[in-house]
Structures are given as structure tokens and as C-alpha cells.
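My request is simple: use the sequences and hints to build the entire structure.
16 is the number of the first residue of the sequence shown in the working numbering; add one for each residue after it.
No lab work stands behind these hints: they were computed from the structure. Incorrect hints may have been included.
[Unchecked claim] Taking CB as the label site, the calculated pair distances span:
1) Ser187 <-> Ser355: 42 to 48 Å
2) Thr75 <-> Asp112: 17 to 23 Å
3) Gly56 <-> Thr98: 27 to 33 Å
4) Ser129 <-> Glu26: 21 to 27 Å
5) Thr191 <-> Asp125: 49 to 55 Å
6) Pro199 <-> Thr99: 35 to 41 Å
As the structure is a computational prediction, the values presented were derived from the model and not from experiment. Cβ coordinates follow ideal geometry from the N, Cα and C atoms, glycine included.
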Amino acid sequence: GAAGAGGQTAEETLASSVSYYDGLIEFQFAQEYVVGRFVNGDYWVHNHGGDVVITAITPTAVGAPGGAERVMNGTMLNPANSTTQGYDSSARDMGFDANLNVDPAFTGQDLVVSPSSSVIKGISTASSDGRPILADAAVLTVLSATPLKDAFRPPYVGQRSVVATAAELDYSQLGTHARLGGEPDIDSVASRYERVWLEHCTSWVSRDIHPANHMPAYGRDLARSSAEGLVMLQLDYSDAEKQRLLVGLVQYGIDIYGIAAAGGAWDANGGHNLGRKMPLLLAGQVLHHPQMLEYADAAQHFIFQDDQQHFYVSQAEVDMSHSAAWAPDDRAVATPYEVSDIGLPEWGIRHFDKPQADNKNWGATYRNVNGPSQVMQVFAARLMGVESAWNWPALFDYADRYYQTESGVGPDWFQALWGAYR
Numbered sequence: 016g017a018a019g020a021g022g023q024t025a026e027e028t029l030a031s032s033v034s035y036y037d038g039l040i041e042f043q044f045a046q047e048y049v050v051g052r053f054v055n056g057d058y059w060v061h062n063h064g065g066d067v068v069i070t071a072i073t074p075t076a077v078g079a080p081g082g083a084e085r086v087m088n089g090t091m092l093n094p095a096n097s098t099t100q101g102y103d104s105s106a107r108d109m110g111f112d113a114n115l116n117v118d119p120a121f122t123g124q125d126l127v128v129s130p131s132s133s134v135i136k137g138i139s140t141a142s143s144d145g146r147p148i149l150a151d152a153a154v155l156t157v158l159s160a161t162p163l164k165d166a167f168r169p170p171y172v173g174q175r176s177v178v179a180t181a182a183e184l185d186y187s188q189l190g191t192h193a194r195l196g197g198e199p200d201i202d203s204v205a206s207r208y209e210r211v212w213l214e215h216c217t218s219w220v221s222r223d224i225h226p227a228n229h230m231p232a233y234g235r236d237l238a239r240s241s242a243e244g245l246v247m248l249q250l251d252y253s254d255a256e257k258q259r260l261l262v263g264l265v266q267y268g269i270d271i272y273g274i275a276a277a278g279g280a281w282d283a284n285g286g287h288n289l290g291r292k293m294p295l296l297l298a299g300q301v302l303h304h305p306q307m308l309e310y311a312d313a314a315q316h317f318i319f320q321d322d323q324q325h326f327y328v329s330q331a332e333v334d335m336s337h338s339a340a341w342a343p344d345d346r347a348v349a350t351p352y353e354v355s356d357i358g359l360p361e362w363g364i365r366h367f368d369k370p371q372a373d374n375k376n377w378g379a380t381y382r383n384v385n386g387p388s389q390v391m392q393v394f395a396a397r398l399m400g401v402e403s404a405w406n407w408p409a410l411f412d413y414a415d416r417y418y419q420t421e422s423g424v425g426p427d428w429f430q431a432l433w434g435a436y437r
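Written out as C-alpha cells, the structure reads:
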């Protein structure tokens, strides 16, 4: 790790505050501390191994513990993978726990933060409808010392220590397939991933805390957005042209890794939890990081919706769909599996934990919600040549089946690439 960066430490300065996104969010300190920025633009701060004291964070938090007023603009410290949050009391699906809101304006006292910590400030949406309840968020990392130059921000769940630096990125792991025209502007796609894609909840309720100005709220849509970036990294842009996009998606992959290593799982559920595996696999490949690659290997960690929904039909599915236990969603005609279907690559909404919900019908509820985004994620993996590292062939075979059955999915530029390279 350190050798890759030549052992150089990051640029540092002394400051009594740091501000994000052109002044949108500001952290104010009790004194000057050593500050600097990770390669993705987020700030770090340290007090030579001591605590960092945060006196105020703007925009100011609203509400008080036990009060009747809506709590807004809260701050969390070292969030766990949890279905509760401390940012806003009006979240629609994700529970609010006032004890998780450590914002100085809410608690009435300074926030004292020890090293190896992540402080996450949220800005609430004006609406109280939720889904999401956050418009923006910023992660401030408290370290014990200045990190290496071009370090990625540590994950905000789990170990919270620096995992890698940009000097370690191996661009030769990316594809260099010729562009065919019509692709979106690579810098505009890169800008989608520059602000944190907040993921400290792996349940379906997580859409409440997906900041509206940072990322799509729903799994289907965030998977499609990241898939476009993941595919573009496999085209014949120069390394310099790819850098911003790669840094943003690798940072997202590192954040996914932190949650996975802390025991998180994006279990299959409707269209909520797809699209988290390929960013992790990307990061593991370009950083040559064995633990990331381990969590992306379906044989070692079967923790992603992308894999859990895909299987080859066997006698077990034939038997289940002809039994009294079979209970598919009644919004679609129920079509059982037959012996002639054995070996077919297939999708089931919750196949891993609820195979009784499987339904052969092509119109099965949520099949078309997941299909297009899933196909695009899989194609990025194919263009990168990481099928064996991914290690779940049923998904790859089903993606081909889905694309052919639907006579193509995704934008025109994507379909052109599929036609040329698949």
C-alpha cells in the first residue's frame, strides 16, 4: 500500500473549519486542526492522535430531543448497518432514533470525536414525505495522522481506516473496447459519483437516506446509473479521461466493502438491493485487493441481490411450483416450472430465501424492474472480463436470456455496444 504512493503523505493545512459543496455544509472546530482531502474530495481532520472537537455544523440542525418539532439536518457518528437513523424524524420507512443524532445544535453540546471515526451530516428535504428524506450529506473522517497522498476515504461503516490510495489503481484491469458513438459525456457521468452514495442500511428502507442531490433513491435506478459508468470505464478512453469516473466508482466500491466486511448483506427484495456488487468487484480488481475480491465472490459471500435472484431451474423448482406451498405474487399470472424447464437460467424475486415466490411467467412481478439494470451491470462485468471473479454463472446466462427475450434493453449507445461486443 504505502510503497504504491511512494510513502508521500497528503497535502495538509491548519484550519478551524472545513466546508463541502461550495459552502453547502460546514464543520466548525473548537480550534485549528490538521486538515486535508482524500482523493475523492472529502475532507479528513486530525489532532495528532487526540480527539477532534466539533462545535457547530451548518446548515443548523432543527428540533430538540423529545420535542414536537420535526427533527431535520441531523448528524450521525460511526453509523452501523441499521434500519434506524438520526438525520430526520420524518423518514417514511426508516425509523428515527434521537440517540443517533449527535449534531451539536440538537444535543446542545460539542461533538467530541476520537480518531478512526466518520461524522455524517445530513441536509433534510423540505418535504416531509421521505423516500428520500435527505437532500444532501457529507462525510468528515477523523484520523490519527495525515494519510498517504491520494488516499481514498475510509468506509464510514466498519473499520474506518484507509483501505487504498489512487496510486494503486491498475488501469490495465479495465477494458479498452472501441467506442461506437452516442455514449454520454464521461465527465458528466463521473460527476454522478462525486458526492457520497450513502449506504449505511442494507434493508429496503435505505432509500430514505439516499441523498436526492447525490444519487437515485431506488435500487433499480441507482443500479442503472452506476452501470452506465461501469460500462464506460471499459471503453477506449485514456486513463486520464477515466480517472475521475474510476475514483468515484472505486470510492463507492470501498464503501460497499466496509459494510460487507462488517456483516452487511443486500438481500434480494423487489427492486431495492441490486447494483451494489459490481462497484465492489471493480474496486477489488483495480486495487488488487484480496478481501474485496473475496466479498465479491458469490461462492464465498452470497450477500448480493444480483446473485440471490438468479438460478438454474432444477427439479426443486418444478416440485415447489406444483406444491401447496407455492405462493407467487398474485399481481401476475402464476406459471409453474415443468421438467422441460430444467437448466433454464431464471430470475426469482426472493429465490434465495423465499423460493415459493418464484414464477416462470415472463410478466412475474418485478422481473422487468430488475432486468434492464441487471443486464447493464452484467455487461460491464463481461467487458471487464471478471465473470470468474464474480462467480455466479446463472446471472450471466439469465442476462443474455433477458436481453434476447426483450429484444434489447437500455439506451441506444448501450445496445450498440452489446451488439458489437456480446
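Comparing the hints with the structure gives:
no.	hint	in the structure
1	Ser187 <-> Ser355: 42 to 48 Å	holds (45 Å)
2	Thr75 <-> Asp112: 17 to 23 Å	holds (20 Å)
3	Gly56 <-> Thr98: 27 to 33 Å	holds (29 Å)
4	Ser129 <-> Glu26: 21 to 27 Å	holds (24 Å)
5	Thr191 <-> Asp125: 49 to 55 Å	holds (51 Å)
6	Pro199 <-> Thr99: 35 to 41 Å	holds (37 Å)
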